[in-house]
Amino acid sequence: MAFLIVQALTGLASAASLFLIASGLSIIFGVTRIVNFAHGAFTMIGAYLAYSLTERLGGAFGFWFGLFAAAVAVAAIGAATEILLLRRIYKAPELFQLLATFGVTLMVQDLVILGWGPEDLLGRRAPGFTGAVTILGQRVPAYDLFLVAAGPVVLGGLWLLFNRTRWGILVRAATQDRDMVAALGVDQKWLFTSVFALGVFLAGLGGALQIPREAVSHSMDLRVIVEVFVVVVIGGLGSVPGAFLAAVIVSEINAFGILIFPKISIVVVFLVMAVVLVVRPFGLFGRPEAARRTTPGATIRPWQPLGSTSRIAVALLVCALAAAPAFAGPYLLSVGAEILLFVVFAASLQFLMSVGGLASFGHAAYFGLGSYGSALAVKWLGAPMEAAILAGPVLAGLGGILFGWFCVRLSGVYFAMLTLAFAQIAWSIAFQWVAVTGGDNGILGVWPSAWASKPAAFYWLSLAVATVSVAALRIIAFSPFGYRLRAVRDSTLRAEAIGIDRLSTQWIAFAVAGAVAGLAGALYAFLKGNVFPDALAIPTSVDGLVMVLLGGLETVSGAAIGAVAFKALSIWLMSQTDYSKLVLGAIIVVLVVFLPKGLGGLADLVRPAGARRDGTSGSSTTEAAR
Amino acid sequence: MVLAGALGGAFMAATASFAAAQTIKIGEINSYSGLPAFTEPYRKGWQLAVEEINAAGGVLGKKFEVVSKDDGGKPADAVTAANELVSSDQVVMLTGTFFSHIGLAVSDFAKQKKVLFLAAEPLTDAVTLAKGHKYVLRLRPQNYAQAAMLAEEAAKLPAKKWATIAPNYEYGQSAVAVFKDLLSKKRPDIQWVAEQWPTQGKIEAGAVVQAIAAAEPEAILNVTFGPDLVKLVREGNTRGLFEKRAVVSFLTGEPEYIDPLKDETPAGWIVTGYPWYDVKMPEHAAFLKAYQAKYNDYPRLGSLVGYMTMKSAAAIIAKAGSTDTDKMVAAAKGLEVPSPFGKIVFRASDGQSTLGAFVGKTAVKDGKGVMVDSVYRDGAAYMPSEDMVKALRPAD
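Protein chains in written order, with the UniProt record's numbering: chain A, 1 to 626; chain B, 1 to 396.
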């Protein structure tokens, strides 16, 4: 019994930091609708600054002051980011801010190494809380008890702030209906900045408070960000008490889960999130998202299929690409094939996001299932490449049908997070089922058949698959099914009123996107000669998102451009510099500021002014002509 | 446009390679951006080796050059880099990698393209055994050898009830499996009373420590490292987990992992590692002096591995008298290379080098974690036997 109580206390201590960081993310999302991918990066900066300050200042006062000062400094950095970067792109399409914060995250990862060096840093123990307290015969670190108390104190403070101050009332109002708050004459600019700064302050404090417990390292941000997203979604977006409850649930499950299934901690939080979202689609304390008031751009000027001139241009481009083996060497052709396969992957995600209006954070699952499908067919069935490549999209399509059935019941960020949960579950199966998948040592020796083993042949194969896939997705987008899908996206109520079933329409779209992503994954396995769980992991999903956002969310096939730009740039930078993340992040941030419609939006700039029809003055009309 | 840039870059690289016909190029891949704590010293190590090789007249009368690429910690990107090195940079051999799965991915690429690959750091036994082939060699003592060194010491302890803590992936799983197997063979009286498998990089240290303590083991095997180890040590110290218990720990004596622990380093753990301050071999003194003179810093284990990787690569080419892959493969069989730890040999049967490791105990000295009573264990005595190699390694 004593043991169980102490284990529960340990769980509560872990919950404290998680809650601080998660509540910050939740507040930011609630008011500004920004999915702040950089939240983990701010936590990490908080920990690094706290380390430096506490080392420099020394003493008990220096320590506690150092923690606080670090959090304040991070808040200042956050406010500056909001003013200089995010404020410029609030009018951009939903999720575009995710791309901006992703760029910031990439930069921070390299900057902390430049600033603090590569080694893990072990901070001081908290003065006054260095030892242990014996509870029921078991020793509990005093600092853990401090954290157990700190969580509710911060929760109480936030409650007072939101319920007893005018600013708090405005924040709560904006969380419920920010258009109405704006209509009533509240200065949104400063409200958003202050909310962002508060959220980032909490992130920084959460990071700073961790230094007596763990080493500060440059990989902290990714460790934190995913878990925090999970906590926020379980608790319900925008709900601080929800974040608290979810942090406690997740931490306690971690603490007790390892007693029963020591190997389960790798996936347990995602299982919990999946169950919660299936049972309560808006998290524990969340409310359904308010209906959007802005008129979707598509209703002003709907997409149109390519005109004959554009078709000829695309055909010429494909011919030009097909001629590449005449002058490019084997390395360049392999890179070309890789980029083309990511064009397919990104196009499938764009189909889901742009045409279907369903932003998936876990699209890597289908890419990876495709890779594993073909690799397993080779390894266990001895299938030749031609047959194995078909196994990929089949497995991915089946995965899409299974996971999609659950996911399409949700919408918005909850949909995105459930897709992420399923992707993580698929990842952990690939990672843990060593007997079948080889675990993290992967499946090796997945090389193409003789006819496709020359780089030029594989390049042509990839080009053919990319051309056909992108064309097929466009044809679907402009087919009656595509119209139904867009109708559901633009106005669910009206679409259902004229007899379109939302669930089945979106479910089919999900499965189609999954199968196409699986095709890309299947070929990718043969390009690389191997499959590892990485193919299903979060970074692959994030790469896909970035490609779509970079290409332009409101275009039909902008993802193709986004994929080429992002993949070519990252491969080239990786080859040229160790600080590829810093440069890539900076490029993304600059692009976001100057091209808020993505690279696809370039077409608007190039087109002569007269050709731009009146509609372009609206917020989101680049759907035209793409 | 970006593609055109990449294209231009590749052309420039191609022209450069014509200009440099008088050099021998080695292609090196490692997780520079993903794991700088280990790979920065590693890079310094091989840079020192390259400098020394060229100062001594290069290899086969040509300048010895290393083209280095980052894999970002991803096997797919490592294969891309390997492809670039072999196709565009025309390297004669591939070296490097840290993570086991990346090492395996590059190894499989080397097998497919018939290029020699000298794996520097990956520890999984699969590199030379289950997934071994004639085009792959490995420098560092593999998982099996490290487990054997530690099991030998562990068998001398009186403890009968053991618990294990290891990261939940192939490295941790196989380290525990081999250690358990070897120790149980030596000591059939041992019981395994608890095991914890924290996710790599995400240990819930307090909960893990509690769970292990609840099983009341007499000794603990630890395989965690890096930030996880730091958390485990802090929680374990505060909660008294390590008091009156023997602890055997993989890799903890390596400067990369023991240095961050500073004065909180728990005393008396039996560990493998690299006590650079306490190595008596004369060859090491020369290495240490050269390294400190060049960088004004002490070497980590990564420095030594990087140094020996390029020294071994140069030795293979020198013995082969050619950069032809088949000749280098033949030359590597039984190749002897002088190292800071004395002579090492690349075993003919599986390409594993006999580089060993130090086994000793942890202690705190002047507020820093150090290894004491350390003894060098030659890898030759702890490698998998020739029979094991025959049984596990596919025929070439």
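Any given hint could be a false lead.
Said to hold, decoys possible - Partial pick of chain A residues on the chain B-facing surface, computed with a CB cut under 7 Å:
# : residue
1 : E119
2 : R124
3 : E252
4 : W447
5 : E496
6 : L582
7 : A586
Stated by the list, open to error - Below, in silico cross-link-like pairs of lysine-lysine (DSS-like), each with a Cα-Cα straight-line distance of 27 Å or less:
#  : chain 1 : residue 1 : chain 2 : residue 2
8  : B       : K134      : A       : K379
9  : B       : K114      : B       : K390
10 : B       : K134      : B       : K343
11 : B       : K365      : B       : K262
12 : B       : K134      : B       : K25
13 : B       : K114      : A       : K454
14 : B       : K161      : B       : K186
15 : B       : K365      : B       : K327
16 : B       : K114      : B       : K134
17 : A       : K263      : B       : K294
18 : B       : K113      : A       : K454
19 : A       : K379      : B       : K114
20 : A       : K454      : B       : K390
21 : B       : K186      : A       : K379
22 : B       : K186      : B       : K202
23 : A       : K91       : A       : K189
24 : B       : K180      : B       : K390
25 : A       : K379      : B       : K390
26 : B       : K113      : A       : K263
27 : B       : K113      : B       : K343
28 : B       : K333      : A       : K263
29 : A       : K454      : B       : K343
30 : B       : K134      : A       : K454
31 : B       : K161      : B       : K185
32 : A       : K263      : B       : K161
33 : B       : K62       : B       : K333
34 : B       : K25       : B       : K161
35 : B       : K25       : A       : K263
Honestly, the hints are just simulated from the structure, not real lab data. Model, not experiment: these values are computed from the prediction. Positions of the beta carbon are idealized from the N, C-alpha and C atoms, including for glycine.
Here is how each hint holds up against the structure:
no.: 1; hint: E119; in the structure: holds (5 Å)
no.: 2; hint: R124; in the structure: violated (10 Å)
no.: 3; hint: E252; in the structure: violated (10 Å)
no.: 4; hint: W447; in the structure: holds (6 Å)
no.: 5; hint: E496; in the structure: violated (42 Å)
no.: 6; hint: L582; in the structure: violated (9 Å)
no.: 7; hint: A586; in the structure: violated (15 Å)
no.: 8; hint: B:K134 - A:K379; in the structure: holds (21 Å)
no.: 9; hint: B:K114 - B:K390; in the structure: holds (22 Å)
no.: 10; hint: B:K134 - B:K343; in the structure: holds (23 Å)
no.: 11; hint: B:K365 - B:K262; in the structure: holds (9 Å)
no.: 12; hint: B:K134 - B:K25; in the structure: holds (21 Å)
no.: 13; hint: B:K114 - A:K454; in the structure: holds (15 Å)
no.: 14; hint: B:K161 - B:K186; in the structure: holds (14 Å)
no.: 15; hint: B:K365 - B:K327; in the structure: violated (49 Å)
no.: 16; hint: B:K114 - B:K134; in the structure: holds (9 Å)
no.: 17; hint: A:K263 - B:K294; in the structure: violated (45 Å)
no.: 18; hint: B:K113 - A:K454; in the structure: holds (11 Å)
no.: 19; hint: A:K379 - B:K114; in the structure: holds (21 Å)
no.: 20; hint: A:K454 - B:K390; in the structure: violated (34 Å)
no.: 21; hint: B:K186 - A:K379; in the structure: violated (37 Å)
no.: 22; hint: B:K186 - B:K202; in the structure: violated (33 Å)
no.: 23; hint: A:K91 - A:K189; in the structure: holds (12 Å)
no.: 24; hint: B:K180 - B:K390; in the structure: holds (22 Å)
no.: 25; hint: A:K379 - B:K390; in the structure: holds (23 Å)
no.: 26; hint: B:K113 - A:K263; in the structure: violated (37 Å)
no.: 27; hint: B:K113 - B:K343; in the structure: violated (31 Å)
no.: 28; hint: B:K333 - A:K263; in the structure: violated (40 Å)
no.: 29; hint: A:K454 - B:K343; in the structure: violated (42 Å)
no.: 30; hint: B:K134 - A:K454; in the structure: holds (23 Å)
no.: 31; hint: B:K161 - B:K185; in the structure: holds (15 Å)
no.: 32; hint: A:K263 - B:K161; in the structure: holds (21 Å)
no.: 33; hint: B:K62 - B:K333; in the structure: holds (23 Å)
no.: 34; hint: B:K25 - B:K161; in the structure: violated (52 Å)
no.: 35; hint: B:K25 - A:K263; in the structure: violated (44 Å)
Of the hints listed earlier, those the structure fails to meet are numbers 2, 3, 5, 6, 7, 15, 17, 20, 21, 22, 26, 27, 28, 29, 34, 35, in rising order.
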